[in-house]
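Protein sequences, first through last, are from chains A and B. If you want the working numbering, it's the 1-based position in the first sequence plus 10. If you want the working numbering, it's the 1-based position in the second sequence plus 10.
Among the hints, a few may not be true.
Remember, identical chains collapse to one label, so a pair may be satisfied in a single copy or spanning two.
Said to hold, decoys possible - Below, a list of computed lysine to aspartate or glutamate pairs in the EDC-like style, where the Cα atoms sit at most 20 angstroms apart:
no., residue 1, residue 2
1, Lys159, Asp188
2, Lys172, Glu129
3, Lys172, Glu106
4, Lys236, Asp28
5, Lys172, Asp112
6, Lys104, Asp175
7, Lys172, Asp250
8, Lys104, Asp84
9, Lys236, Asp250
10, Lys220, Asp84
11, Lys159, Asp77
12, Lys159, Asp190
Quick caveat, the hints were computed from the structure, so don't treat them as lab data.
If you want the building blocks of each chain, they are given just below.
Protein chains: 2
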Amino acid sequence: MRIIRTTQALRTWQRRHDPLRGSIGLVPTMGALHGGHRALIRHARRTCGTVVVSIFVNPLQFGPAEDYRRYPRDLSRDLACCREENVDLVFLPKAETLYPHDFQTTVAVGALSQRWEGEHRPTHFQGVTTVVTKLLNLVRPDRAFLGQKDYQQYCVIRQLVKDLDLDLRITLCPTVRDADGFALSSRNRYVTNTQRQRALALYQALAAGKQAIAGGTRRADLVEKKMVKVLDAGHGLAIDYLRCCDARSLEPLTRLRGTVVLLGAIRVGGVRFIDNLIVRIR
Amino acid sequence: MRIIRTTQALRTWQRRHDPLRGSIGLVPTMGALHGGHRALIRHARRTCGTVVVSIFVNPLQFGPAEDYRRYPRDLSRDLACCREENVDLVFLPKAETLYPHDFQTTVAVGALSQRWEGEHRPTHFQGVTTVVTKLLNLVRPDRAFLGQKDYQQYCVIRQLVKDLDLDLRITLCPTVRDADGFALSSRNRYVTNTQRQRALALYQALAAGKQAIAGGTRRADLVEKKMVKVLDAGHGLAIDYLRCCDARSLEPLTRLRGTVVLLGAIRVGGVRFIDNLIVRIR
Numbered sequence: 011m012r013i014i015r016t017t018q019a020l021r022t023w024q025r026r027h028d029p030l031r032g033s034i035g036l037v038p039t040m041g042a043l044h045g046g047h048r049a050l051i052r053h054a055r056r057t058c059g060t061v062v063v064s065i066f067v068n069p070l071q072f073g074p075a076e077d078y079r080r081y082p083r084d085l086s087r088d089l090a091c092c093r094e095e096n097v098d099l100v101f102l103p104k105a106e107t108l109y110p111h112d113f114q115t116t117v118a119v120g121a122l123s124q125r126w127e128g129e130h131r132p133t134h135f136q137g138v139t140t141v142v143t144k145l146l147n148l149v150r151p152d153r154a155f156l157g158q159k160d161y162q163q164y165c166v167i168r169q170l171v172k173d174l175d176l177d178l179r180i181t182l183c184p185t186v187r188d189a190d191g192f193a194l195s196s197r198n199r200y201v202t203n204t205q206r207q208r209a210l211a212l213y214q215a216l217a218a219g220k221q222a223i224a225g226g227t228r229r230a231d232l233v234e235k236k237m238v239k240v241l242d243a244g245h246g247l248a249i250d251y252l253r254c255c256d257a258r259s260l261e262p263l264t265r266l267r268g269t270v271v272l273l274g275a276i277r278v279g280g281v282r283f284i285d286n287l288i289v290r291i292r
Numbered sequence: 011m012r013i014i015r016t017t018q019a020l021r022t023w024q025r026r027h028d029p030l031r032g033s034i035g036l037v038p039t040m041g042a043l044h045g046g047h048r049a050l051i052r053h054a055r056r057t058c059g060t061v062v063v064s065i066f067v068n069p070l071q072f073g074p075a076e077d078y079r080r081y082p083r084d085l086s087r088d089l090a091c092c093r094e095e096n097v098d099l100v101f102l103p104k105a106e107t108l109y110p111h112d113f114q115t116t117v118a119v120g121a122l123s124q125r126w127e128g129e130h131r132p133t134h135f136q137g138v139t140t141v142v143t144k145l146l147n148l149v150r151p152d153r154a155f156l157g158q159k160d161y162q163q164y165c166v167i168r169q170l171v172k173d174l175d176l177d178l179r180i181t182l183c184p185t186v187r188d189a190d191g192f193a194l195s196s197r198n199r200y201v202t203n204t205q206r207q208r209a210l211a212l213y214q215a216l217a218a219g220k221q222a223i224a225g226g227t228r229r230a231d232l233v234e235k236k237m238v239k240v241l242d243a244g245h246g247l248a249i250d251y252l253r254c255c256d257a258r259s260l261e262p263l264t265r266l267r268g269t270v271v272l273l274g275a276i277r278v279g280g281v282r283f284i285d286n287l288i289v290r291i292r
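Please construct the entire structure, taking both the sequences and the accompanying hints into account.
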């Protein structure tokens, strides 16, 4: 497994990449790899000749009051994980490598970035889209693999790729969950057991919403009421949003039809949790 | 010469391009081709195996009060010019091809875009950088050729390419001028002879500034005073700016050293003219 830390070396690697060795698959990560990342890497491994994992805690996507400094970093474990999963190349840049002193360019997606997470984290998605554009231009992958856990991020990046005419396919991979349904996330590392127990109500609320739709409910307000009821059973939970949205536009729905995404974000004692479930209505 | 109008067809062409046929050179234009464009195409022809010219009057880079609708369009003459210059491919998209109804992504360069032209045309450069990113991603050229006439645009695009890790080389080609020094521009087509005569004072002012530096002046204020004096000899001229700047950062200088660019923009009866001269100080 090769480890590259500079953009120059990555560029040289990219230019020398032999197309006969198959397509390039990219799994962009911020490290602190868990089972969800492993699933992405395995999907890439099954479908691409060359698998690249980028590990970069991107300062641009953290707000000033957010957890950039304490975001979990565990490089030796991450590299061991990549080796186990047979990754070909790990791109491991420093912040000053991707953002030298005179860096001044921003890539921003409009409407899709402004809702939901965008309302609570105003500069988050433009940090994501800026670094993703850089990574895609450096690695030039044929495919990139993203987790459903960050569903809005997937929608924003898909729009970015379409709008900027980037030549690759984005694959969405299912959220990996613990046995009780709790979605895996790097941030879970600094969540206490009590917080985790309480936050589990988010998944339970989304699952109850999904069940209501499966049972025939087509009014978004009724599904949302049901979800809020499940969440309210927990104590000390603050709901940022918990809505039924169109899975493509992320607009909130009144009447449910087509592919619906149940999107939720809550706060438990200062920690934010997001999760979602996709429901296809026939 | 091939003409392609859709992004899909361009993508297919790009994917099938045989690297053994040499590098791809792109000359991005808004049509209404003149001697300046011909010089860019010839430079591309000399140095690249495949020459692509894009012709697209980009609505995003015009302000609401600007001349998008009346910008000169002359397709048959443009195509004849490309044929004469032995262009391989003309990319000729419609506005709705590059900006479909759900288009919502913006690429913006910071400090370099905000000065000079940016102050007078606040959304201009983000329109330029957004379309240029799209064109570069579609054509994937090895080199792109830009004219010195739009020197700030060149600086902004060079920064964009660096910041977003685009893999190409940008070549700046000298401004092409009429015998009296007047810089060629597509917009000259709707300038009256009287306006042209008056606007020529901009070039004369810049030339006087360059001469002052050649004569040993190293104080920017003295050079600028000299340039303003030459311009003031004309009547009905409004100066937007006329300054000595660092050729890389475009910051205004106090003491002249290194590579200096004399940047000017004036208005003559409602029409804006920009021009510049580069001076290397030993």
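Evaluated hints:
no. : hint             : in the structure
1   : Lys159 to Asp188 : within (13 angstroms within a copy, 61 angstroms between copies)
2   : Lys172 to Glu129 : neither (23 angstroms within a copy, 31 angstroms between copies)
3   : Lys172 to Glu106 : between (28 angstroms within a copy, 14 angstroms between copies)
4   : Lys236 to Asp28  : neither (54 angstroms within a copy, 58 angstroms between copies)
5   : Lys172 to Asp112 : between (28 angstroms within a copy, 10 angstroms between copies)
6   : Lys104 to Asp175 : between (27 angstroms within a copy, 15 angstroms between copies)
7   : Lys172 to Asp250 : neither (29 angstroms within a copy, 38 angstroms between copies)
8   : Lys104 to Asp84  : within (15 angstroms within a copy, 49 angstroms between copies)
9   : Lys236 to Asp250 : within (16 angstroms within a copy, 61 angstroms between copies)
10  : Lys220 to Asp84  : neither (36 angstroms within a copy, 57 angstroms between copies)
11  : Lys159 to Asp77  : within (19 angstroms within a copy, 46 angstroms between copies)
12  : Lys159 to Asp190 : within (16 angstroms within a copy, 64 angstroms between copies)
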